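Undergrad: Letter by letter, the chains look like this.
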Amino acid sequence: MDVWEPRPLPNVTPESERYWEAASNDRLLLSKCPDCDLVIHYPRARCPDCFTETEWTEASGDGRIYSYSVAERMEGWPEADLPLVVAYVELAEGPRMMTNLIGCDPDDISVGDSVSAVFISTEEDNIGIPVFRPD
Amino acid sequence: MSESVYIAGAFEHPTREAPNKSTMQLHADVAAGALEDAGVPKEAVDGYFTAGVPEMEHSLTPLMAADYLGLDVAYADSTDYGGSSYISHVGHAASAIRDGKCDVALITLAGRPRSRGQATGSGVRKLRTVQDSYERIYGTTNVTMYGMAARRHMEEYGTTSEQLAEIRAAASHHAQYNEHAMYRDPVSVEDVVESPVVADPLHLLDCCVISDGGGALLVISEDARSELDRECVEVLGHGEAPKHHDAGRIDITTTGAVESGERAFTEAGLGPEHVDYASIYDSFTITVLEAIEDLGFCKKGYGGTFVADGALRADGELPFNTDGGGLCSNHPGNRGGMTKVIEAVRQLRGETSPEVQVDADIALAHGTGGSIATRHGAATVILGTEGIS
Numbered sequence: 004m005d006v007w008e009p010r011p012l013p014n015v016t017p018e019s020e021r022y023w024e025a026a027s028n029d030r031l032l033l034s035k036c037p038d039c040d041l042v043i044h045y046p047r048a049r050c051p052d053c054f055t056e057t058e059w060t061e062a063s064g065d066g067r068i069y070s071y072s073v074a075e076r077m078e079g080w081p082e083a084d085l086p087l088v089v090a091y092v093e094l095a096e097g098p099r100m101m102t103n104l105i106g107c108d109p110d111d112i113s114v115g116d117s118v119s120a121v122f123i124s125t126e127e128d129n130i131g132i133p134v135f136r137p138d
Numbered sequence: 079m080s081e082s083v084y085i086a087g088a089f090e091h092p093t094r095e096a097p098n099k100s101t102m103q104l105h106a107d108v109a110a111g112a113l114e115d116a117g118v119p120k121e122a123v124d125g126y127f128t129a130g131v132p133e134m135e136h137s138l139t140p141l142m143a144a145d146y147l148g149l150d151v152a153y154a155d156s157t158d159y160g161g162s163s164y165i166s167h168v169g170h171a172a173s174a175i176r177d178g179k180c181d182v183a184l185i186t187l188a189g190r191p192r193s194r195g196q197a198t199g200s201g202v203r204k205l206r207t208v209q210d211s212y213e214r215i216y217g218t219t220n221v222t223m224y225g226m227a228a229r230r231h232m233e234e235y236g237t238t239s240e241q242l243a244e245i246r247a248a249a250s251h252h253a254q255y256n257e258h259a260m261y262r263d264p265v266s267v268e269d270v271v272e273s274p275v276v277a278d279p280l281h282l283l284d285c286c287v288i289s290d291g292g293g294a295l296l297v298i299s300e301d302a303r304s305e306l307d308r309e310c311v312e313v314l315g316h317g318e319a320p321k322h323h324d325a326g327r328i329d330i331t332t333t334g335a336v337e338s339g340e341r342a343f344t345e346a347g348l349g350p351e352h353v354d355y356a357s358i359y360d361s362f363t364i365t366v367l368e369a370i371e372d373l374g375f376c377k378k379g380y381g382g383t384f385v386a387d388g389a390l391r392a393d394g395e396l397p398f399n400t401d402g403g404g405l406c407s408n409h410p411g412n413r414g415g416m417t418k419v420i421e422a423v424r425q426l427r428g429e430t431s432p433e434v435q436v437d438a439d440i441a442l443a444h445g446t447g448g449s450i451a452t453r454h455g456a457a458t459v460i461l462g463t464e465g466i467s
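Note that the protein sequences, when read in sequence, are chains A and B.
So the first sequence is numbered by our numbering: it starts at 4 and just counts up by one.
So the second sequence is numbered by our numbering: it starts at 79 and just counts up by one.
In short, the hints are calculated from the structure, not lab data.
On a predicted model such as this, the values are computed, not experimentally measured, just so you know.
Where hints are given, some of them may not hold.
Beyond 12 Å from chain B on every Cβ pair, some chain A residues (computed) [as the list claims (entries may be wrong)]: (1) 5; (2) 27; (3) 61; (4) 97; (5) 110; (6) 138.
Derived list of chain B stretches under chain A, where covered just means 3 residues or more per stretch with a C-beta under 8 Å from a C-beta of chain A [stated by the list, open to error]: (7) 163-174; (8) 205-216.
We put the beta carbon where it would ideally sit given N, CA and C, even for glycine.
Extracted from the complex, chain A is given alone in its bound form (with noise of 0.2 Å):
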């Protein structure tokens, strides 16, 4: 996978414009209640549980896998790509992310298995996509 497209790119906005840029250089950012330390994903400006406004905290890439589901067909994705993947990641700082996991054989991942963050470029220069391959 050396370029995300013809995936879809995300919808940069100027609160999740930081996220995206990070992922362009290989770091997952997180936003943090300095007030309620509630470490969430996907990031937000105010904290959704106390409308504290967060700050950016870099996360480790480091998780396991919550859950996953194998899709063996998807309209619109490179053929290269399938079976695609898709997961929610448990972050070591707490969020289950929705992400993909690349570089494995469906058939050898399990719940619960540690994976690592790795970032996908894009056609654009401050979008990077994060993902996860088992470790």
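Given the structure of chain A, go ahead and fit chain B onto it with the hints provided.
TA: This is chain B only, laid out in the frame that chain A set:
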């Protein structure tokens, strides 16, 4: 005791494929059907409830629909939780009626995904919401989302594909008696687990049908009821709960039915043990399994054992979806809440197929709209034969 509210009319469009009709035409068909069923004239309608028309994005429902249908109403609501919307609308209509905002509330649903050529949950959809940029870019589809929920439920509770398959098998057993059902041939547990894998661990027969059609309900006040010579059913309780990703704390083995069910039972002054018949939204088999646990019909995690014992069959402990449900009969507009209420009304009126008719005084209809693995609107209503309250 608050004012009694009734469902006086219920109509399910008999079509499952409507290439030569428009979606709005189907709305009119089902509205006319529900009014005729109730014996209420169109001009009596003073409340209108509907959710978004899928192929008409940002269409200002209910304005657009009220315009098309020629409705002149004092109250309207377009709460959109996806497929469970229409179960919510029953509760919202009851509240509006008790508030004196309206007396005769019409609820309509129609859709034509089959004629519009929608494939089974495949293909990247357009990004619309804030969450789509963090989810749909990864190729999430409805079926992969429910597949993830099924896998996690299996992991935590030991649920098996065969147990999920019994949910389809029970629905198909009922569908054989419904002349309008899209698939009427009974299938076995083996048939389900041997059908092609769509999104591992879900098989093709774990998924609901894609059908055109629609349905409508007429919810009325005590005053309006007193003018009708028609058996009605009472709306005894309603509850709903939007459940979401919760900043990353989501648990995909548990649904908003925990809250919506408790709210509905509390309002009705009843519990799961009082329910004679249950319509449970069945977008996928796992949707049913999680809902029956969360509504309290069995202990959390024991849904697989519960259904495997035949509980969901018409002669079982919790007869469900006796029309064949979304799995076998109908899933109009990819939104299954409306038909859930309609079959519950049929059961209470004694109008469903005789082979699957239950001796029912209390019925429950429950919906899980949206996606169980990201965000969904859970909605529950409890209905009773007239006078039961």
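Undergrad: Minimum C-beta separation from residue 110/A to chain B exceeding 12 Å: can you confirm that?
TA: 10 Å, violated
Undergrad: Quick one: work out the minimum CB distance from residue 138/A to chain B and report holds if it exceeds 12 Å, violated otherwise.
TA: Holds, because the least Cβ-Cβ distance between residue 138/A and chain B comes to about 19 Å, which exceeds 12 Å.
Undergrad: Is residue 97/A truly not at the interface, in the sense that its beta carbon sits beyond 12 Å from all beta carbons of chain B?
TA: 6 Å, violated
Undergrad: Against chain B, does residue 5/A keep a CB gap of more than 12 Å to every residue?
TA: Residue 5/A clear of chain B: closest Cβ-Cβ about 17 Å, beyond 12 Å.
Undergrad: Against chain B, does residue 27/A keep a CB gap of more than 12 Å to every residue?
TA: 14 Å, holds
Undergrad: Beyond 12 Å on every Cβ pair: is that true for residue 61/A relative to chain B?
TA: Since the minimum Cβ distance to chain B is about 16 Å, residue 61/A lies beyond 12 Å and the statement holds.
Undergrad: Can you confirm whether chain A covers the region 205-216 of chain B, using C-beta to C-beta distances below 8 Å and requiring at least three such residues?
TA: holds (count 10)
Undergrad: Would you say the region 163-174 of chain B counts as covered by chain A, given the rule of at least 3 residues with C-beta under 8 Å?
TA: violated (count 0)
The earlier numbered hints that this structure contradicts are 4, 5, 7.
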